[in-house]
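Peer 1: The primary structure of each chain is shown beneath.
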Amino acid sequence: MGWLVRFTLPWFHPAVADLVDWADEVVGPDNRTDRHLKRCAPCRVKAQLIRGAAQKARGHGSADPMLAGTLDRLQARMRNRRSPVEERLTIAVETYFGREAVHRMPAAADAPGRHRVLRMKPLFSAFLGASAADALAEQIAGVEC
Amino acid sequence: MPNSPIRTAWTRGAGVPRFLLWSTLALLLLALISCAAWSKTGDARWARAFFDYFGAFFFIGCSVLGLRFSYLCWRRFGRGDVMRPAWLLIALFALSQLLGGIAAHVLSADSAINPLHYLAVAAHDRWLRDAAQVGTLSSPVSMIFLAAGLFRVVQICRKNGVLRSLKAIDFVLLSIVTVYTVHYFAAVVFTSQHPEGSVTAVKIVSWMSDPLLCILLLQATLIRRSAANMGWGLIARCWVAFTAAIFFTSIGDIGLWASSRGSIPFGLEAASWYIWYPAAACYAAAPAYQLQAMLRAIQGPPAARPLAQVTAVSDS
Numbered sequence: 030m031g032w033l034v035r036f037t038l039p040w041f042h043p044a045v046a047d048l049v050d051w052a053d054e055v056v057g058p059d060n061r062t063d064r065h066l067k068r069c070a071p072c073r074v075k076a077q078l079i080r081g082a083a084q085k086a087r088g089h090g091s092a093d094p095m096l097a098g099t100l101d102r103l104q105a106r107m108r109n110r111r112s113p114v115e116e117r118l119t120i121a122v123e124t125y126f127g128r129e130a131v132h133r134m135p136a137a138a139d140a141p142g143r144h145r146v147l148r149m150k151p152l153f154s155a156f157l158g159a160s161a162a163d164a165l166a167e168q169i170a171g172v173e174c
Numbered sequence: 003m004p005n006s007p008i009r010t011a012w013t014r015g016a017g018v019p020r021f022l023l024w025s026t027l028a029l030l031l032l033a034l035i036s037c038a039a040w041s042k043t044g045d046a047r048w049a050r051a052f053f054d055y056f057g058a059f060f061f062i063g064c065s066v067l068g069l070r071f072s073y074l075c076w077r078r079f080g081r082g083d084v085m086r087p088a089w090l091l092i093a094l095f096a097l098s099q100l101l102g103g104i105a106a107h108v109l110s111a112d113s114a115i116n117p118l119h120y121l122a123v124a125a126h127d128r129w130l131r132d133a134a135q136v137g138t139l140s141s142p143v144s145m146i147f148l149a150a151g152l153f154r155v156v157q158i159c160r161k162n163g164v165l166r167s168l169k170a171i172d173f174v175l176l177s178i179v180t181v182y183t184v185h186y187f188a189a190v191v192f193t194s195q196h197p198e199g200s201v202t203a204v205k206i207v208s209w210m211s212d213p214l215l216c217i218l219l220l221q222a223t224l225i226r227r228s229a230a231n232m233g234w235g236l237i238a239r240c241w242v243a244f245t246a247a248i249f250f251t252s253i254g255d256i257g258l259w260a261s262s263r264g265s266i267p268f269g270l271e272a273a274s275w276y277i278w279y280p281a282a283a284c285y286a287a288a289p290a291y292q293l294q295a296m297l298r299a300i301q302g303p304p305a306a307r308p309l310a311q312v313t314a315v316s317d318s
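Residue numbers (the working numbering), protein chains in the order written: chain A, 30 to 174; chain B, 3 to 318.
There may be inaccurate statements among the hints.
Ranges between beta-carbon positions, derived for each pair [what the hints assert, rightly or not]: (1) Arg61(A) with Val174(B): 19 to 29 Å; (2) Arg128(A) with Leu258(B): 45 to 55 Å; (3) His42(A) with Asp172(B): 48 to 58 Å; (4) Ala170(B) with Arg68(A): 43 to 53 Å; (5) Arg77(B) with Asp101(A): 28 to 38 Å; (6) His144(A) with Arg160(B): 38 to 48 Å; (7) Ile120(A) with His126(B): 28 to 38 Å; (8) Lys85(A) with Lys161(B): 49 to 59 Å; (9) Pro151(A) with Phe173(B): 24 to 34 Å.
Which chain A residues stay away from chain B? Per the calculated CB distances, all over 10 Å, these [stated by the list, open to error]: (10) Phe126; (11) Arg128; (12) Gln168.
Keep in mind that the hints were calculated from the coordinates and are not lab data. Even for Gly, the Cβ is constructed at its ideal location relative to N, Cα and C.
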């Protein structure tokens, strides 16, 4: 459970997608990213850079619709960018179950990125054993589950 | 410090299924040569030499590997793990398959590798008969263990939401084997005059093989459908290997029955003699894939760990 605690606590660095959401004010004012940014200076600088660049591009975008479209696409790609944990989990699911399993297994597909490891762990545990699943979760999430 | 990539236990284990594949191909090539020599010279010793020595060694070797890997898989699962009972049953299947293989391919064969061959004549005949009976009995006994193990696997697949339903082609394949079983029971078991001689306890137990094979094929097809739905991962490969082994066994069984009735051409009959070797290789490859998956999960990719830790694991 250690990694989940780290994810939910405010001092864990948010993903780029969360910073983009914060910069675009998609999320509410007192969310986890907001709480983290109050404490973490490097992330705050990064988030303000994203917000500044987005506002600047929007300023030009009102005059140039092509630039506005490029910005929207860039933001969409930044939001869709997977975190390293998600990348490692995808590789693990492909290695142990198969390429199709990533899309077809309910536990692997539907959960939000951060909770996928926890949702997939019982499946790894069932087919590989608890100790192997623990070791795998540790490799994926970086800390002991 | 060596320049070559460091090999951990699982990377070494990764070579086992490939080794089994190449060994099977080499054996089948030998089978082809011996069969060609037999048909050209008319000397049956060519075929006998293949079955009594190369074939017997291959069967025993695959059974030893299968037992070793399935035992290691069972040991690696913890006491509370849901797959542990399934792998215990699969290890028992491998053990009974090995004992049956020794009895059928070594102890009941009239070959130089049979230690009973060197006993006194009276005892020799009796022991050969007993060994042949043990070989006959081991087939249904091992199938019971495998069916019980696969039943547990199907339950686990269903519980975890990865079990998929059968397709039309699966029903066709299952129907073929079921029709064969029903026909065999009608023609051999439920007749007043048994064509295979008097009914003995060994014969009654051996009749269980075909219904058990139907159950095994159903279980294996269900697991294969689920595995195919997932892709080609290490765990999926393990269960696909079991499915292939059961499928080959079914074909071999049907071939034996058809050749005993003289209803198939010689080419197909000969092919049914050799299909047992790929089946044996698949039975050994399945636990090798599972063990490889477990070791990989525990040890991780070599690049992800410090060098000292990798070499320590590799040496242990």
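Peer 1: Hints first: check each against the structure and report whether it holds.
Peer 2: Hints, verified against the model:
At about 54 Å, the beta-carbon gap between Arg61(A) and Val174(B) misses the expected band of 19 to 29 Å. Evaluation of the 45 to 55 Å hint for Arg128(A) and Leu258(B) yields a failure: the beta carbon distance comes to about 38 Å. A hinted range of 48 to 58 Å holds for the C-beta pair His42(A) and Asp172(B), which are about 49 Å apart. Between Ala170(B) and Arg68(A) the beta carbons are some 60 Å apart, a value that contradicts the proposed interval 43 to 53 Å.
Checking the proposed 28 to 38 Å range against Arg77(B) and Asp101(A) shows it is violated: the Cβ atoms sit about 56 Å from each other. Between His144(A) and Arg160(B) the Cβ separation comes to about 23 Å, which falls outside the hinted range of 38 to 48 Å. Checked against the hint of 28 to 38 Å, the C-beta distance between Ile120(A) and His126(B) comes to roughly 59 Å, which is inconsistent with it. For the pair Lys85(A) and Lys161(B), the beta carbons lie near 53 Å from each other, so the given range of 49 to 59 Å is met.
Here the CB-CB span from Pro151(A) to Phe173(B) is close to 32 Å, well matched to the stated 24 to 34 Å. At roughly 4 Å from the closest C-beta of chain B, the C-beta of Phe126(A) falls inside 10 Å, breaking its exclusion from the interface. With 10 Å as the threshold on Cβ separation, the claim that Arg128(A) sits away from chain B is violated: the shortest Cβ distance comes to roughly 4 Å. For Gln168(A), the non-interface assignment is contradicted: its Cβ lies about 5 Å from the closest Cβ of chain B, within the 10 Å cut-off.
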